[in-house]
Structure formats: structure tokens, C-alpha cells
Amino acid sequence: MSTTPADGPVLEVSGLSKSFGGNHAVREVSFALGASELLALIGPNGAGKTTCFNMLNGQLRPDRGRVVFCGRDITGMRPREAWRLGLGRTFQITATFPSMTVIENVQIALISHERKSYELFSAARRQGRAEAEALLDRVGMAGAADRHCAELAYGDLKRLELAVALANRPRLLLMDEPTAGMAPAARVELMALAARIVAEEGVSILFTEHDMDVVFRHAHRILVLNRGEIIAEGSAEAIRADARVREVYLGGGTQEPGAEEARPHA
Amino acid sequence: MTLDLGFLLGQFLAALASASALFLVASGLSIIFGVTRIVNFAHGSFYMLGAYLGYTITEALPTGVLGFWGGTLVAALAVGVIGAAIEIVVLRRIYRSPELFQLVATFAIVLIIQDATLYVWGPVERLGPRAPGLDGAVQILGEYVPEYDLALIAIGPVVLGLIWLVFHRTRWGVLVRAATEDREMVGALGVNQSWLFTTVFFLGSALAGLGGALQVPRESVSLLMDLNIIAEVFVVVVIGGMGSVLGAYVAALLIALFNAFGILILPEISLAVPFIVMAVVLIARPWGLFGRPESGEHQQALSEEPLRPLGLARRAAILAGVAGLAGLAFLGGRYGVVLATDIVIVSLFAASLHFMMGLGGMASFGHAAYFGISAYAAAFLATYAGLSMLPAMLLAPVAAMLAAAFFGWFCVRSTGVYLAMLTLAAAQIVWSVVFQASEITGGDDGILGVWPDKWAKSREVYFLLTLAIGAMALVTLQRIAHAPFGYVLRAARDNRLRAEAVGVDTRNHQWAAFVVSGVFAGIAGVLFVFAKGSIFPDELAIPRSFDALLMVLLGGVQSVFGPLLGAASFTYVRDEISRLEYWRFIFGILIILVVILAPDGIAGGLQRLWRWIAARAGFRRVTPDKAEGA
Amino acid sequence: MAAAAAAMLGATALGTGALAEEPIKVGELNSYTRMAAFTDPYKKGWELALEEINAAGGVRGRPLEVISRDDDGKPADAVRIAEELVSEDEVVLLWGTFLSNIGLAVADFAAQREVLFVAAEPLSDAVTMEKGNPYTFRLRPSTGMQARMLAEVAAKLPAKRWATVAPNYAYGQDAVAKFKTALTALRPDVEFVGEQWPGLFKIDAAATVRALDAVEPEAIYNVTFGGDLAKFVREGQLRGLFKGRDVVSLLTGEPEYLLPLGAEAPEGWIVTGYPVEDLGDDPNHKPFLEAYQAKWGELPQLGSIVGYVTLKAVAAAIEKAESLETEDLVAAMENLTFDSPVGPVTFRDIDNQATLGAWVGRTALKDGRGVMVDWSYADGADYMASPEEVAATRPAE
Ligand SMILES: Nc1ncnc2c1ncn2[C@@H]1O[C@H](COP(=O)(O)OP(=O)(O)OP(=O)(O)O)[C@@H](O)[C@H]1O
Ligand SMILES: [Mg+2]
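Chains as they are written, first to last, in UniProt numbering: chain U, 1 to 266; chain W, 1 to 630; chain G, 1 to 397.
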């Protein structure tokens, strides 16, 4: 599964646009993402990052543009179909199943992956238990397997989401602010994990992030979005040096790159 | 038939007058729902109270224009005060309960107001005076149009306009609108929420009271007014979009027009018209004409504990329950058997509803449809096809399955109260077909003589058969809940977005759950028909659906034992107290006590009681129980 | 309220002449809460009868006890309560019920459990015909019998174009069908030009009245009652529906339906009912009228008669039976003749229908309320189904 066709990019986006009423949230966004690449999408609040993600995995239908995933046009495909092709995601506002235990959250993804969700009589508790434990172990949550999801700390929820997203061995992971709300040490740890996943399993990751330390340290490449448009693209050094980016973050935008603090999310 | 212009105009004016009357009541319900999210089943009772008070007050005041209109207003205000008082005394205590739980309390209020009205005004219906000065008819294009109708035609839009002014020109109105659009925001604005809710209840109830008082010159005031209007009012509110006052007016007009012109073409259809209109509107616009999608995911799921396999204590509780039933059956006299049989059947029915409601997050207001369809199917198979009991029992739930598959397909396209109202529409349409097709179904005379085969004829044998089938069905439902399907279903309920993002077709799973739930309701239905020997349309009508809903909610939606506890206590207690005069009053008070003492249902209440006792007695649980903190 | 609520409906007083003996228990059920307006006078009627029976020494030398229950207007509840009465309270027989579907459900239960059931008020012909059974007897004249009484009068009217309005449920459908059959048999030249079927207690009166008016009938046959009737009458008068038209109306002359209309009671309608105010001189009726007024301080209504007479019939059957076994009680009911305020009444053995009749007359206004005038008592015996019809319709025993 994790073998990506070496010949083409994992994700190819061209001319993606979306407006809400008169508000052009995303305008003509085009970029590509290679195999085993860790790509960051940054930009000030309201730049259109989440909207972009939502169009990539099918949550939102783009007004214009195309999304090609592993050589296949998935524009307008439903999230669940995109997921079956190997495109997983985590949410900016964490989305888990609050009435379940931590491990059950992962088991749901495994059950779905194995297309057993219509089974009426087998016991779900035993379904993929070992595999789920391994996944939790991977994200450092093995000890919390049987805890009630509703009582997890925010950072733990983020890690749980990652475990859930990994359940179907995706080729591409979209992570919307994966480290928001975490302590600095935990952020580094989580991004290191993401980097390992990219390196070891050949998964590609596209993530958004406000913490520039995290971005500059881990991203292979960076895209900068402002008012729905890509204004810069390149390595950490290139972005740091880019005049337009500095202007956005110092002038019209909200924050200076690197000065961003963790924002709490409700 | 002379369908000239005058006639059509007359019919149109009659519809306008009916629409105004309906709108007054519906607007109050819509406002109450918009702000408090309470599905206020007692709204029809406020309407009835308005009529009785209007009758009494206008009788007491000197006759004349002032006496009539003054009396009408006083009646409306009095009902408003009663509504506000009920909000303060009862409803305020349970706002934090799970979704729809308040509905149980409002149902209890229906019972209480019913008997209180009977006590105060007596059983005889009252025909009030006609409106002074408006007691004749004028001729328009050769048609008689009652003057009072013309007044009503004007009153509807006038009230609509007044509400609009209040909502746009006063600070209070702006708050009400804000709360309707986003409830969280009101808290953020630092508004005293209790005060807002109480005043909204005052206004909503007063509008219902006004609607009732204005009916006095048109119809006799009777104890049947509350239940007669409530379904139609809900239909109007839902078609218009819950929370939208303008929507309520448009919907009332729509229903009145369909009624007025529908009976010219197909007189028999009058029973089903509002529900067909509602179904069509909701399929095209899942949130009604002027409604907005319900924002936010289910809040209730947050407090729910993970499903755990049955521990020792719960297994013991189940055994004790079965033993208790058997004891009731065999030691409680000959009638004990009958009551125990009923309890098993009703428990299974409630459990089937709980499956879609508790696990699937889909409340149904029309679950009796599948219970009844299956019962009718069994009756057909036994009487027309001459099948013996067991094959009939085996085949009949297939009918419930097909019906659930058909209606469920439409219903799962909505969510929340709208979904519930679609289930209600489905059930009412089925009901009116069964009711109307008297050639086959016997109409309301029902189908008789559907008794068990000889070997199962004795009450004891039939009880054991019911217990065996019922227990098997309950165990199967439990297994499904603990199977991948049950888990994924809960996942879809907990967070639809997340579930879709891990490849789950949530709608399809909900549809499947709808069907499973229908099949098990159907099994309860076949057990029922052979226990009673007959089946009537009442078994798929609204009261039966609401009984099941109450049982599930009273028992506790969040517990697997909830529906069983709810069904058993509901059936047993009602049977016991229905020997008393004014038993509905007592029953209503009992329900309210439960609701206030155990806002998480009987199951939750018992659990807390148990923990309290355990803490007092000083012993601790050995198992690490997460629930301790909840 | 609390005090009233505490009064047990079930534990009924035994009347004044209670004897030391173990009472004989009979089970009664009716829609006391759902149909309060109609079951209230009925209950007063049988309570009077109970008092009289026990004052006169009870039955078989033992006091009679009535265990009375509310069926909440639901057939399934009624069956459960019937079961409870039979097995828990060990009553020797069942009686009562108002709504036809409940009457039918209890009748079927009675046949299944082999217990005697005396249906008091349900009107559906099916109770004694299509769905009749040996264990079920019925007191009131059926819909068919009353429709035939009315058709006889209607046939003498000049009207040829008829329209009907009836609540949309079995009773209404039955009442229209029976009337059509009976009238066309007498007057082959009439035609039925329109029909309206408002939902029971849900009439959209304006629309219904206008729809009837639109077909321009010469006469109207009405079956609506209760709240529907009040709305229909008020709306019909406002819109001139009844001007120059004959109206024939089932049950409307019964005080239960006529009195709530007050001064708006229609005039000149041909109805079945109960002209209670004119019956003071009737030697059969007088003692009942006086006793009832003495006990309750009001005039009896039709339900009062039904409740009173049914319990009297039940007592007579118990007295006549060889034992309290169902078989003997059923045998005693067949051809049982007993005295009533309308003279002797008999339960015919071929269909278990009583010969109780009904009063047919015209409505009129007197002192601001509706009464019946020009009435005559139509003996039920003259309107019962023919033996051939019974043989053809009633299931073989
Ligand atoms: N469903 C929606 N309807 C209307 N406008 C929307 C919707 N979703 C997003 N927007 C608007 O689109 C713009 C981009 O929003 P988006 O959430 O994509 O930004 P973002 O870059 O993810 O910001 P943040 O860093 O705050 O998460 C914003 O102006 C936002 O208000
Ligand atoms: Mg975002």
C-alpha cells in the first residue's frame, strides 16, 4: 500500500477556487506534492488553509479547479471515497467519537477499512484490537487505550486523531494544525513522529501550522497562502527571506513568522 | 358541482380564516422551540385552556364587543401566565437533560391539564356565544362569508406584524431572534437566560391561548381540543421551519388551502393531507420552508459513557429482571401473566426504538408504524392466508422491514426534530391508509380473531413463548449494539464528519439501523397481535408511538437498560393507577417527579442512587470505573 | 382534586341494602376519560340501577358489585383490562363499552376466553352480525336499525337529491351505507349526489359546509356528532346550508348532542334521540325519571337509560341463570325478557340483539334549548335484521 508510484506526484492541485458569497476564500491555488514529502501550508488566520483542505478531501466542492490524487481525478469526490483511496485527514477542531474509548476510536477506522461495518453479530471489541494497539503505540498513546475519549487532554486528542488517520495506511495525510494547543515539547515530539512516518512509510503529509518553529524545523517545503492566493513557495530559508511573506506577517497579516504562540481552540 | 369564481373565492376565504386560527397557535410553538429547543407537546393544552378560559371569561363579562374581545385578551394573558409558571416550576430544572427529554415533561403536563380541565369544567362540551357584532354573514360574489371569518383573516397577519415589530424593534425581540439563530451566543452576550426563556414561554403560551379563545365563536369547547390540534400545529411549525414565525404563517396557509381544496376532489383524503404536504416539503427542503440547518453536532453524546460488555452486576440485574417477570407471571395471579406478557412486548418495542434513538441518534415520533404494520401483516397472514401462528410470526416482520426500508430512506436525509417529524408523517400516512382501506383492514373496527394456535392458547404458554422470543430479540439487539455495525452507528451519531472521514457512509448506516429497528418493532408487533387477538389502527397511531418514546426517554436514552426499565415501570404503574379517578393527573405528577429527580432517566437515577448508597456504606468498587467522575 | 383523585373508581359502593353475603362481581369498562361527555350520564344511570338492585336484596340473595374500569379509548387497553377483570377480579361477566371498535375487541375477547359480554352502547352492526359470537349481546339499537327508522321518515319527504356528511371512521361509513340502502329500497328514485367525510372531531366545518352546498342537494343526511356537530351546525347556519333543505340526522336528538348546542340547536331536523322532557307521564318511564332526578338532581340523558337498562339486564340474567358459569349465563341471556323504562325488552336469540328501540322525531327550540317534538317511539323489534339476513351474515355458531 505504501508504495507510491515513483513516476508522478501524489497530489496535484490546479486552479482550485472557492468563494463564499462575495468572499474569495481560495483563489487559483495550484501546487504539487511528491511522494514522501512533508509540505507545510502556512498563512494568517482566514487565509483559506482549512478551506483548501476541505476541497482536497471532498468536504467542500470547489467552484473551479482540479484535484488529482495518485494520477486519479478526485475533484468533488466524497470524503469517504477519497479516504478509501488513501487520503486521510485530521481536523483543526479535533473530531473524535466522544462516547467511545480511545482504542475504540481507532477500531472504528479499522472496521471501516476492512469493510466490516455492516457486520451484525461479531464482537466489535475484538475487531482489530492488536492493530489498534500498535497504532496507539506509534503515537505514544498505548497507555491510554481504555480511557474514555471525552476526558482526554487536547494534545492527546490530536495524537488520537493521528492514530485514527493512520489506520488505513494512507498515502497522503492532511493535517490541519496538528500541534495547536500542545506544549512546545509535545509539538516537537509530534512533528518528529510525523517526519518519521513520512520517512519510514513513504506517506506524504500536507499540514497547516501557525508555529513557525515547527514549520521551519520539519517541513521539506513551504507554501504560503494569503487571502486565498499562494504568494510564495520554497524551502524554509527561501520563505524566511521572502519579502512578501514578511510583509504579510508584519503588515496586513496578523503575526510575524515564528512569533506565533499556540492558540487555544475550543 | 358549481365551481364558479364565487365558489372558489369563498373556499379561499374559508381557508384563509382557518389558516389564521392555525397560525396563532403554531407561531407560539415555533417561537418556543426556536429559543428553548423544547418540543412542547403541551402546546395543544395551552390552546385548549385558552378556549375554556375564553369561554368562561366572556360569559362572565357583560356581553358586547368589549366584553368579548377583552375577555379573549384576558384569557390569552392568563394562559401566558400559566405557561410561564410551568416553565419556572418544571421545565427550568431540566434544560441540561439530553435532547428531547423535556418532551417527556411536556407530555406529563398534557395529562395534568387534561384532568384539571375535566375537574374544573366538567365533561360536557361548551358552546360559547358568537362574537358580538360579527355573528352574521356577508355576501361576496353571491357567497355567504361569516363576518367572524373576515375578522380572523385580518387577525392572522396583524399578529404576524405585531410579532415582527416586537422582534425587530425591541431589545427583547432582538435577543429572541439572536437566541433562535445561535443559542450559545445568548450566553456569550451575558443575557439572563432563565428570564429570556420564561418570557418566551409567556409569549408562546399566550399566543396559543389567544388561538384557543378565538375559536370559541367557531366551535364548541371540549376536552378533545388539545390532542386534536397538536399534531397539525407541529406539522405547520415544521413545514414553516422551526423557529420561523413567517414560516408558520405560510405553512398554515398552505395546509388550510390543501385542506379546503383537497376535500373537493378527494373527500376521504382529509386525514392525511397535512402529513403528505409535510413529507413532500421536508423531502425537498429538509429544514422546512424558512428553517435553517440545525447547527452543531449532538451535544448529548459528550456525556455518554462508552459501551461496556455486561459485567457481573448487570448480568445479575438481568437475571433478577427475568425472575421478577416470571414471578409476576406465575405468582401474581392469573392477571400477572397478562401483565408480564404486555411488559415483555412493550419492552421489546421500546428497545427497538432505543436502538435507532440511543445508538443511531435518530428520534422517531412514528415508530408505531412498524409495530403496527407487522401486526397487521400477521393478522392478514393468519386470517386471509390461513397461516398458523408461528409462520405468520416469522413472516410478518418482513413487512415491517420493507416499510422501514422505504420510509427510512427518506427520513435519514434529515436530522434531529425534522427527522422525527418525517417519521411521524410516515406513520400518519400509514395510519390513514390502514384506517381508510376498511375493505381489507376493517378500518377502525380492526381485524379480530387473531388468536394463538391451540398449543399456545393458555396464557402461561403464550407468556413463555413471548418471553423466549422477546429475550432472544433483546439479546440479538444487544449483540448488534456490540457488533461492528453498532459501534460504527454510534460513531456516526457521535461525529458524522469524523465518521465520513474514515470511510463510513453514515447515512447508509443510519438507514440500515432504521430497518433493523423496524424489524424488531415488527417482532414486538406480532407478539402483540396474538396476545390481544385483534389489531386496530390505534396501534399505529401517534399515542402508541409516543408511549414508546416516553418509555425510552423516561428510562434513560444513554443506558441499554433504559428502555426496559422505562417500559416496565410505565406499563406497570399506568395499569395500577388507571383504576383511580383522575388517574392521568396522578400519572402526570409522577412523570414530572421522575423527570426532575432523575434528569438522566430512571436508569441514570438508579445508578446515581446506587453510587450514593455505595459511598455511604463505605465500600468501593474494585474495577477502575471511569463513570465515577461523570 | 386530591380528594377526588383518591376516590377509587374500582371499589364501588355496594348500595344501601348490602347483604352479609359475598357479593357477585360483574366487570364494567368504558371510555370514561376519552369520552367523558357521553359516559358520564351513562355511569350515573348504572349507579342508580345498582342502588336499586341492591336495595331490593341484590341478585340471587347476594349483593351485586360492579368493578368499573376506564379503557382510555383504546381497544388494546380495553382487551387488557377485560382480561384483568376476568382473571384478577374474577368477575362473572363483562359489560359496558361505548366505541364500536372497543366493543368489537372486547366481544372477540369474550368469545376467545368464553365469558359473557353485554355490550351497552357500541352501535356497529358488526357486533351482532358479521362479527357476532354466542358470548356477546348488545343492548342499543344498532346503526342499521336506527338508519332504517330514519329512512322510513326520509322516504316520505319529497327530496330526491341527497348529500351525506359523516365522520370518517367505521361508524360513519356504516351509518351512511345503511341509510343509503334503506332509503333506496323505499324510494328507488332518490339519488345521492355528494358525500363528505371529515375526520372524527377534526371537521373543517367551513370547507365541508361549502362543499355540501356546492352539490346543491335537496336534503342532507348527517352523522356527525359532538364537537363536529356543533361546528357543522354553526357554520351551516351562517352560510345558509340548511335553508330550504331537509336534514335527517342520526342521534342528534339525544340530549348528549342536542343540549350543548344551546339556543343554536337546529330546528326541524328529523332525528333519533330521547325526548326526556315529554316522558314524565309515561307510566313505564316515570319511576326511572323520578329516581334519577332524585339521585342526581338533573334530567337523564340517553346514556343514562343505556347504563341503567344494561345493568338491569345483567341482573336479570344473573337471577335467571341456573349457575354463575358462563354457559348458564349465556343461556339465560338468550330470549331474556326484562322490564325497562321503555317497557319489556328482549334479547333475541338468533343474533343476541335487544329489542330496545329509539325515539324518532323532529328537533325544535324551547326555552333557548333544543328539544324533540312530534316524536314517536320506534320499537327496535320492528327494525331488526330479518332472520334470513342474520343467518346469511352471522358466523355459524
Ligand atoms: N462555510 C463557510 N461559509 C462562509 N465563509 C467561510 C466558510 N468557511 C470559511 N469561510 C471563510 O473563508 C475564509 C477562509 O477560511 P479558512 O477557515 O479556510 O481559513 P484558515 O486559513 O483555515 O484560517 P485559520 O488559520 O483561522 O484556521 C475566511 O474568511 C472564512 O470566514
Ligand atoms: Mg483553518
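To be clear, the hints were calculated from the coordinates, so they are not data collected in a lab. What you are looking at is a predicted structure, and each value in this text was computed from that prediction instead of being measured. Using N, Cα and C, we set each Cβ at its ideal position, and we do this for glycine too. Please note that the accuracy of each hint is not assured.
Stated by the list, open to error - Result set (SDA-like, lysine to any residue): computed pairs, CA atoms no more than 20 Å apart in a straight line:
| hint | chain 1 | residue 1 | chain 2 | residue 2 |
| --- | --- | --- | --- | --- |
| 1 | G | Lys202 | W | Gln436 |
| 2 | G | Lys25 | W | Gln478 |
| 3 | U | Lys116 | W | Gln478 |
Unchecked claim - Sample of chain W residues lacking proximity to chain U, with all beta carbon distances greater than 10 Å (derived):
| hint | residue |
| --- | --- |
| 4 | Val120 |
| 5 | Leu264 |
| 6 | Pro391 |
| 7 | Lys454 |
| 8 | Ala456 |
| 9 | Asn495 |
| 10 | His509 |
Unchecked claim - Among the chain G residues that face chain W by a calculated CB cut under 8 Å, a handful are:
| hint | residue |
| --- | --- |
| 11 | Glu51 |
| 12 | Val79 |
| 13 | Arg80 |
| 14 | Ser87 |
| 15 | Gln173 |
| 16 | Arg187 |
| 17 | Val190 |
| 18 | Glu195 |
| 19 | Phe201 |
| 20 | Glu267 |
| 21 | Gln293 |
| 22 | Lys295 |
| 23 | Thr326 |
| 24 | Glu327 |
Quick rundown of the hints versus the structure:
The suggested pairing of Lys202 of chain G with Gln436 of chain W holds, with an alpha-carbon distance near 15 Å, which does not exceed 20 Å. Of the supplied pair hints, the one linking Lys25 of chain G and Gln478 of chain W is violated, its CA atoms being roughly 45 Å apart against a limit of 20 Å. Note on Lys116 of chain U and Gln478 of chain W: the hinted pairing holds, with a Cα-Cα distance of about 18 Å set against a maximum of 20 Å. Even its closest Cβ contact with chain U, about 46 Å, leaves Val120 of chain W beyond 10 Å, as expected for a residue assigned away from the interface.
Interface exclusion of Leu264 of chain W from chain U stands, the closest Cβ pair being 45 Å apart, more than 10 Å. Interface exclusion of Pro391 of chain W from chain U stands, the closest Cβ pair being 24 Å apart, more than 10 Å. At roughly 35 Å from the closest C-beta of chain U, the C-beta of Lys454 of chain W stays outside 10 Å, upholding its exclusion from the interface. For Ala456 of chain W, the shortest C-beta to C-beta distance to chain U comes to about 28 Å, beyond the 10 Å cut-off, and the non-interface label holds.
Not every CB of chain U is more than 10 Å from the CB of Asn495 of chain W (nearest about 5 Å), against its label as outside the interface. Listed as outside the interface, His509 of chain W is inconsistent with that label: its C-beta sits roughly 7 Å from the nearest C-beta of chain U, within the 10 Å cut-off. Interface restraint check: Glu51 of chain G against chain W, minimum CB-CB distance 19 Å, threshold 8 Å, status violated. At about 5 Å, the closest approach between the beta carbon of Val79 of chain G and any beta carbon in chain W falls short of 8 Å, and the interface hint on this residue holds.
For Arg80 of chain G, the shortest C-beta to C-beta distance to chain W is roughly 6 Å, which falls under 8 Å, so the interface hint holds. Satisfaction of the interface hint for Ser87 of chain G is found here, the shortest Cβ-Cβ separation to chain W being roughly 3 Å, below the 8 Å cut-off. Hint status for Gln173 of chain G relative to chain W: holds, with the closest Cβ pair at about 7 Å, below 8 Å. Checking Arg187 of chain G against chain W by beta carbon gives a least distance of about 23 Å; that is not within 8 Å, so the hint is violated.
Nearest Cβ of chain W to the Cβ of Val190 of chain G: about 19 Å, over the 8 Å cut. The hint is violated. Checking Glu195 of chain G against chain W by beta carbon gives a least distance of about 6 Å; that is within 8 Å, so the hint holds. For Phe201 of chain G, the interface hint holds, since its Cβ comes within 8 Å of a Cβ in chain W; the closest pair sits about 5 Å apart. The interface hint given for Glu267 of chain G is broken, as the beta carbon of that residue sits about 16 Å from the closest beta carbon of chain W, more than 8 Å.
The restraint placing Gln293 of chain G at the interface with chain W is violated, with a minimum CB-CB distance near 17 Å, outside the 8 Å limit. Taking 8 Å as the C-beta contact cut-off toward chain W, the hint placing Lys295 of chain G at the interface is violated, the least distance being around 18 Å. Interface restraint check: Thr326 of chain G against chain W, minimum CB-CB distance 16 Å, threshold 8 Å, status violated. The interface hint given for Glu327 of chain G is broken, as the beta carbon of that residue sits about 19 Å from the closest beta carbon of chain W, more than 8 Å.
Violated hints, in rising order: 2, 9, 10, 11, 16, 17, 20, 21, 22, 23, 24; the structure is consistent with all others.
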